[in-house]
Amino acid sequence: MGILDELLGGQRQKEYKDFVNRYEQGSPSEGYSDQEVLKRYGEVSHAVPPTSTLRRRKKRWASSRRKSERRS
Numbered sequence: 026m027g028i029l030d031e032l033l034g035g036q037r038q039k040e041y042k043d044f045v046n047r048y049e050q051g052s053p054s055e056g057y058s059d060q061e062v063l064k065r066y067g068e069v070s071h072a073v074p075p076t077s078t079l080r081r082r083k084k085r086w087a088s089s090r091r092k093s094e095r096r097s
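Residues 26 to 97 (our numbering) make up the sequence shown, in order.
Please note that a few of the clues may not be correct.
Distance condition first, Cα-Cα at most 30 Å in a straight line; then the derived DSBU-like pairs of lysine-lysine [to be verified]:
1. K64 x K84
2. K42 x K64
3. K83 x K42
Ranges of calculated distance between the beta carbons of each label pair, as one might list FRET restraints [what the hints assert, rightly or not]:
4. P74 x V45: 35 to 45 Å
5. R37 x R91: 27 to 37 Å
6. R91 x K39: 27 to 37 Å
7. R91 x G35: 35 to 45 Å
8. S88 x G35: 25 to 35 Å
9. R91 x G51: 14 to 24 Å
10. R82 x E61: 12 to 22 Å
11. A87 x G35: 30 to 40 Å
12. D43 x R85: 31 to 41 Å
13. G35 x R90: 29 to 39 Å
Hints were generated in silico from the structure; no laboratory data involved. Backbone N, C-alpha and C define an ideal beta-carbon position, used for all residues, glycine too.
Could you build the full structure based on these sequences and the hints that come with them?
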């Protein structure tokens, strides 16, 4: 059983959904620490193809740039 199988079912899936929900809600003061982010990233990053990761980073960068341009 690989990490992907573990993420798709059971208790671990609930833990990751909880983390993602807290992460998407806002800043670390919303309920997660830098250490938890690094831990979660380390647990799953090797299972994601590099092209997916790069694409996602580019999307986030473009999105954050548009938001900052609207504020200016």
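A quick look at each hint next to the structure:
1. K64 x K84: holds (23 Å)
2. K42 x K64: holds (15 Å)
3. K83 x K42: Holds. K83 to K42 sits at ~23 Å (cutoff 30 Å).
4. P74 x V45: 35 to 45 Å: violated (19 Å)
5. R37 x R91: 27 to 37 Å: Holds, since R37 and R91 (Cβ atoms, about 34 Å apart) stay within the stated range.
6. R91 x K39: 27 to 37 Å: holds (33 Å)
7. R91 x G35: 35 to 45 Å: holds (38 Å)
8. S88 x G35: 25 to 35 Å: holds (32 Å)
9. R91 x G51: 14 to 24 Å: holds (19 Å)
10. R82 x E61: 12 to 22 Å: For E61 against R82, whose Cβ atoms are near 20 Å apart, the range 12 to 22 Å holds.
11. A87 x G35: 30 to 40 Å: holds (35 Å)
12. D43 x R85: 31 to 41 Å: With a Cβ separation near 21 Å, D43 and R85 fall outside 31 to 41 Å, so the hint is violated.
13. G35 x R90: 29 to 39 Å: holds (38 Å)
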